[in-house]
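Asker: Line order of the protein sequences matches chains H and W.
Here the first sequence is numbered in our numbering, starting from 1 and rising by one per residue.
Here the second sequence is numbered in our numbering, starting from 1001 and rising by one per residue.
Errors might be hidden in some of the hints.
If you want a taste of the chain H side facing chain W, the calculated C-beta under 8 Å gives, among others [unchecked claim]: (1) Y62; (2) N65; (3) M66; (4) A69; (5) G70; (6) A71; (7) K139; (8) I145; (9) I149; (10) A151; (11) V185; (12) N186; (13) A190; (14) E200; (15) D204; (16) T208.
Result set (PhoX-like, lysine-lysine): computed pairs, CA atoms no more than 25 Å apart in a straight line [claimed, not checked]: (17) K147/H to K1068/W; (18) K205/H to K1068/W; (19) K1128/W to K142/H.
Worth flagging that the hints you see were computed from the coordinates, not collected in a lab.
Every residue gets a Cβ at the ideal spot worked out from N, C-alpha and C, and that includes glycine.
Number of protein chains: 2
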Amino acid sequence: MSSSHFLANTINTYYEEHGNGKSYPLILIHPIGGNVLIWHHEISLLLRSGFRVIAYEIRGHYRTNMGKAGAYTMQDLVTDLRHLLKHLNIKRSSIIGHSIGGIIASMYAAQHPGEVDAIVMINSSPKKFEEKDLEKHFKTRKVAITKGIKALAEHKLRSFDEARDLFKDKKHSDFFRKVFTKTSVNGFVAATIALYTIPENVVDKLQTSNCKVFAIVGSDDDVFMRLLKETKEEMPRLKLSILDGSDHWVIIEKPDEMYDILMGFLGKMRPRGR
Amino acid sequence: MSSSHFLANTINTYYEEHGNGKSYPLILIHPIGGNVLIWHHEISLLLRSGFRVIAYEIRGHYRTNMGKAGAYTMQDLVTDLRHLLKHLNIKRSSIIGHSIGGIIASMYAAQHPGEVDAIVMINSSPKKFEEKDLEKHFKTRKVAITKGIKALAEHKLRSFDEARDLFKDKKHSDFFRKVFTKTSVNGFVAATIALYTIPENVVDKLQTSNCKVFAIVGSDDDVFMRLLKETKEEMPRLKLSILDGSDHWVIIEKPDEMYDILMGFLGKMRPRGR
């Protein structure tokens, strides 16, 4: 594994590269409040299968700075990924993204149809949110701004909608705290507001690309269950795997089940260099 | 005139109060890239008519800070206005807002129906933008972030869509430069992204209020001409005044014509204390 910083337009994107540089590259993109740590267990599993794995951090999350402005759009995050893949000279890859990470993956694949073989959206979708879906963040932003990121982590652990399962297992909630509290208040606030800026045409553009489109969703994650069902209606070729009884932070709760599903989706992309 | 700062939740809102404190209050809210300076001439005209005039600056614009986060929603700006009016103990007023200022006015009136007698939206509307309406700001944000606010002022003066008329008169373009360059890059970026967060139901809520709704638009301001025509269809009681041959920065170009229209709208609200 090597890790380094890469400078583009004042955004100093932190990324880690794991595995054989000649193997097939998988790009991992974390959710809001996440960072590379969240993929720890998943990366070790993917490495055993011989993939090259690149995980990076989005603006304002742990080791990646915010740049000169404190607000950004989804398109800015897509542009940051563009710069990273150019920097690494990666011309074909598959992209696995959790929540906002899956939105970035879908927008990137829509805009660069020849370069992405497959995307896997984990508790995520390529569709715009409805207004009510984003309303809970009026509260989360207020907690972050007035009480700080640690208080927000505790708030999230107490809010039933996101953390039913995390709650059950102290090991999981402690890991959630460790990851989440690395996020800057600025980064959290900017990312939740960026969710308003998802373009309307992502599904249409994905339709006309050859990119394979996969999704994994916890059955208890109501918002993404709804958005992915709508996506499936518009794009029947979407392969959707529902994890029964799971919730938004499925990557922390069930990394092994996640790996099995990922291999079902991506296993045929035989890693070179094995 | 008195001026002061008022602290609310780390937002230190700058405002100016002009005229007799017992007169009927008009609240003035500037556009993105504007500040209290932009109302200079208008304020002196309104004072002669005996109104109490309160003008303030929104987050990240000139003398009002950004607070702890670098991004905000439209609702945050409405909340800031709420705090200001509570601080000033103003229970009834009329609100005049230019562009983003008019959006704040319409949201505030929709949320506090008993407190606002009238709103005047100047080159503004209570409706969500279409995606394409906001696309020009991908460029403006890039100029602001990479080249700074002075370069952005020059970019705006060169961009035909906003500044046909400013262009003709050096006095106007110099005044535009003086006002606009007081804006922080952070404030400009955050405000343009906040435009994505306008709620869907503002017109519906205004419909059921007793608030009078007025609008003034330059005939060459294509986006707000379209949005206000749509608003007028949904809400026939909207009184719309079109300034022929005018553009987005009509308050700089035509403060006297603006005053005449404002008095046509608001003149019947006889200022007390005269």
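Asker: Evaluate each hint against the coordinates.
Answerer: The hints, checked one at a time:
no.: 1; hint: Y62; verdict: violated, 17 Å
no.: 2; hint: N65; verdict: violated, 12 Å
no.: 3; hint: M66; verdict: holds, 7 Å
no.: 4; hint: A69; verdict: holds, 4 Å
no.: 5; hint: G70; verdict: holds, 1 Å
no.: 6; hint: A71; verdict: holds, 4 Å
no.: 7; hint: K139; verdict: violated, 12 Å
no.: 8; hint: I145; verdict: holds, 5 Å
no.: 9; hint: I149; verdict: violated, 11 Å
no.: 10; hint: A151; verdict: violated, 13 Å
no.: 11; hint: V185; verdict: holds, 6 Å
no.: 12; hint: N186; verdict: holds, 5 Å
no.: 13; hint: A190; verdict: holds, 4 Å
no.: 14; hint: E200; verdict: holds, 6 Å
no.: 15; hint: D204; verdict: violated, 13 Å
no.: 16; hint: T208; verdict: violated, 19 Å
no.: 17; hint: K147/H to K1068/W; verdict: holds, 11 Å
no.: 18; hint: K205/H to K1068/W; verdict: violated, 37 Å
no.: 19; hint: K1128/W to K142/H; verdict: holds, 24 Å
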